[in-house]
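Top line first, the protein sequences correspond to chains A and B.
In terms of the working numbering, the first sequence is residues 1 to 297.
In terms of the working numbering, the second sequence is residues 1 to 297.
I should point out that these hints are in silico values taken from the structure, not numbers from a laboratory.
Please note: incorrect hints may appear among the correct ones.
Any copy, or any two copies together, can satisfy a pair, since identical chains are not distinguished.
[Stated by the list, open to error] Result set (BS3-like, lysine-lysine): computed pairs, CA atoms no more than 25 angstroms apart in a straight line:
no.	residue 1	residue 2
1	284	175
2	270	161
3	267	84
4	95	253
5	112	122
6	178	95
Note that the structure is predicted; figures quoted are calculated from it, not measured.
There are 2 protein chains.
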Amino acid sequence: MVDIIFLGTGSSIPTLRRNHPAILLKYKAEAMLFDCGEGTQKQFRKAGISPMSVKRIFITHWHGDHILGLPGLLQTLVLNGYDKEMEIYGPKGTKQFMQKILEMFVHVGDIKVRVHEVTSGKVFESEDFEIFAEEMMHNARCLAYSFVEKDKIRIDKDKLKKLKIPSSPVLQKLKQGKDIIVNGKKIKANEMTYINKGKKVSIVLDTQINNSIEKIAKNADLLICESTYLDEEETAKQYKHMTAKQAAQAAKKSNAKKLILMHLSQKYEKKENDFLKEARKVFKNTEIAEDLMKVSV
Amino acid sequence: MVDIIFLGTGSSIPTLRRNHPAILLKYKAEAMLFDCGEGTQKQFRKAGISPMSVKRIFITHWHGDHILGLPGLLQTLVLNGYDKEMEIYGPKGTKQFMQKILEMFVHVGDIKVRVHEVTSGKVFESEDFEIFAEEMMHNARCLAYSFVEKDKIRIDKDKLKKLKIPSSPVLQKLKQGKDIIVNGKKIKANEMTYINKGKKVSIVLDTQINNSIEKIAKNADLLICESTYLDEEETAKQYKHMTAKQAAQAAKKSNAKKLILMHLSQKYEKKENDFLKEARKVFKNTEIAEDLMKVSV
Numbered sequence: 001m002v003d004i005i006f007l008g009t010g011s012s013i014p015t016l017r018r019n020h021p022a023i024l025l026k027y028k029a030e031a032m033l034f035d036c037g038e039g040t041q042k043q044f045r046k047a048g049i050s051p052m053s054v055k056r057i058f059i060t061h062w063h064g065d066h067i068l069g070l071p072g073l074l075q076t077l078v079l080n081g082y083d084k085e086m087e088i089y090g091p092k093g094t095k096q097f098m099q100k101i102l103e104m105f106v107h108v109g110d111i112k113v114r115v116h117e118v119t120s121g122k123v124f125e126s127e128d129f130e131i132f133a134e135e136m137m138h139n140a141r142c143l144a145y146s147f148v149e150k151d152k153i154r155i156d157k158d159k160l161k162k163l164k165i166p167s168s169p170v171l172q173k174l175k176q177g178k179d180i181i182v183n184g185k186k187i188k189a190n191e192m193t194y195i196n197k198g199k200k201v202s203i204v205l206d207t208q209i210n211n212s213i214e215k216i217a218k219n220a221d222l223l224i225c226e227s228t229y230l231d232e233e234e235t236a237k238q239y240k241h242m243t244a245k246q247a248a249q250a251a252k253k254s255n256a257k258k259l260i261l262m263h264l265s266q267k268y269e270k271k272e273n274d275f276l277k278e279a280r281k282v283f284k285n286t287e288i289a290e291d292l293m294k295v296s297v
Numbered sequence: 001m002v003d004i005i006f007l008g009t010g011s012s013i014p015t016l017r018r019n020h021p022a023i024l025l026k027y028k029a030e031a032m033l034f035d036c037g038e039g040t041q042k043q044f045r046k047a048g049i050s051p052m053s054v055k056r057i058f059i060t061h062w063h064g065d066h067i068l069g070l071p072g073l074l075q076t077l078v079l080n081g082y083d084k085e086m087e088i089y090g091p092k093g094t095k096q097f098m099q100k101i102l103e104m105f106v107h108v109g110d111i112k113v114r115v116h117e118v119t120s121g122k123v124f125e126s127e128d129f130e131i132f133a134e135e136m137m138h139n140a141r142c143l144a145y146s147f148v149e150k151d152k153i154r155i156d157k158d159k160l161k162k163l164k165i166p167s168s169p170v171l172q173k174l175k176q177g178k179d180i181i182v183n184g185k186k187i188k189a190n191e192m193t194y195i196n197k198g199k200k201v202s203i204v205l206d207t208q209i210n211n212s213i214e215k216i217a218k219n220a221d222l223l224i225c226e227s228t229y230l231d232e233e234e235t236a237k238q239y240k241h242m243t244a245k246q247a248a249q250a251a252k253k254s255n256a257k258k259l260i261l262m263h264l265s266q267k268y269e270k271k272e273n274d275f276l277k278e279a280r281k282v283f284k285n286t287e288i289a290e291d292l293m294k295v296s297v
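Modelling step: build the complete structure from the supplied sequences, incorporating the hints.
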């Protein structure tokens, strides 16, 4: 199961309800942060989650509202004795920006940081999951990311029971696609196993509508997408952002299962429900993120 | 009247109740900010105050908890069309730090900033008030500040009434110390006027106890003082901070009228009342600042 905690869901200027963007993705022992707007360390506290578990931070782009919480978060980690190496992923320029951020550290000690400047493609792989990136279209180099859990081969325990096959360590070979013999009886791997499809979560922030969204979010179980504007397509195009309808169109074209909108401009504080109406005309399974909201996929 | 709004009253790590340090001082048309910890722009919003009125920012020192809200605040001012020149005062090194902060501005436009690196003495003067600074003893160059309203000569209206002297523009000359003649009667300036003593507010953050506190806070109507530790004097000395008792001693030696403690370490979240007890043993008129608390002097 993948847990998403929306630490901040706002846009360039924070409101009382929406802090600057930051999304925490938890999967098994891993905690990954996507963007880190100003005040993210306090949002961690409000959510009752320690930031000490974060091992990777993925930056979509280096506009202030998406990264100004980074120096404070890292300084707090140092003060709390963080001794891992923090892996930071972002577009070209990330090394230089990180250098500037680390130069602002005064008298708090150092933090080990490894910076990865990445472009489109696979940017990280573990035993259980992969992270992919795609370049977006914004007025700064900007990446969208996908967390993709690997598919798992499972043994069909109901079938085993039906056929009265006793539990045995040799059964594990079925997972490797190998046929086995139990009590003189041949058991075929392809008949006794099934594939447990891995979950996919895509995060698309700060971009105008473009075809790479479909590429990164293809068949996602959850697409988290920016929707800075309600329906002003010309304005969205001018400032290289998206409308609620465009986010819904992207979700539909990507064949995503669920869409969650965030990064709503502060100017819509009192008419956020209109975003839902707009988006649901095109893509029914749409929600709007709230700060500290938790979603499991 | 001087209004103080405590935007943030915490220490290096924010708690749910205490954001990083930031103090807003309002006097007539002036709004001045002292320090600007991460999340200060959101604290402005919580307080229902626009940061657009801020014309001067005084930085005590360049540790992260006191300044990491500065880039976000300035960016938000730009986005809101701030067209004044922001005057920023701080210790030696401030120009270099401001340079780094402004280098992080991406695609939000520019803000006009004039940086003043200051030491002990008068650092600003207007028609109505002065700002003084003194160097403190911390593990970074650190300044304490005082806002000092100028004394005003007032005409004693009760006396005028008693002597049946009619209202007249010529009376204004009394304020300049000039004697006047009304209806053939000599009226002496020194008999008909009194001095309205200006208010003084001193802000002492991040320092170990030292004699310059007395110098900056002499006869202050309000001394806002750090009290990072409760009673661990050795620890306070080691990390160059103060205890509650030391803050009270400083208030007493300075002959301050009122003491407000802030910058309490997050580790005392549940025993803040002990700070009051400790301090009041030495200086009775002590309070503890709360985020968004407003005090008028």
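Hint check:
no., hint, verdict
1, 284 x 175, "neither (37 angstroms within a copy, 74 angstroms between copies)"
2, 270 x 161, "neither (57 angstroms within a copy, 56 angstroms between copies)"
3, 267 x 84, "between (40 angstroms within a copy, 24 angstroms between copies)"
4, 95 x 253, "neither (34 angstroms within a copy, 50 angstroms between copies)"
5, 112 x 122, "within (23 angstroms within a copy, 42 angstroms between copies)"
6, 178 x 95, "neither (46 angstroms within a copy, 68 angstroms between copies)"
Consistency with the previously given hints fails for numbers 1, 2, 4, 6, ordered from lowest to highest.
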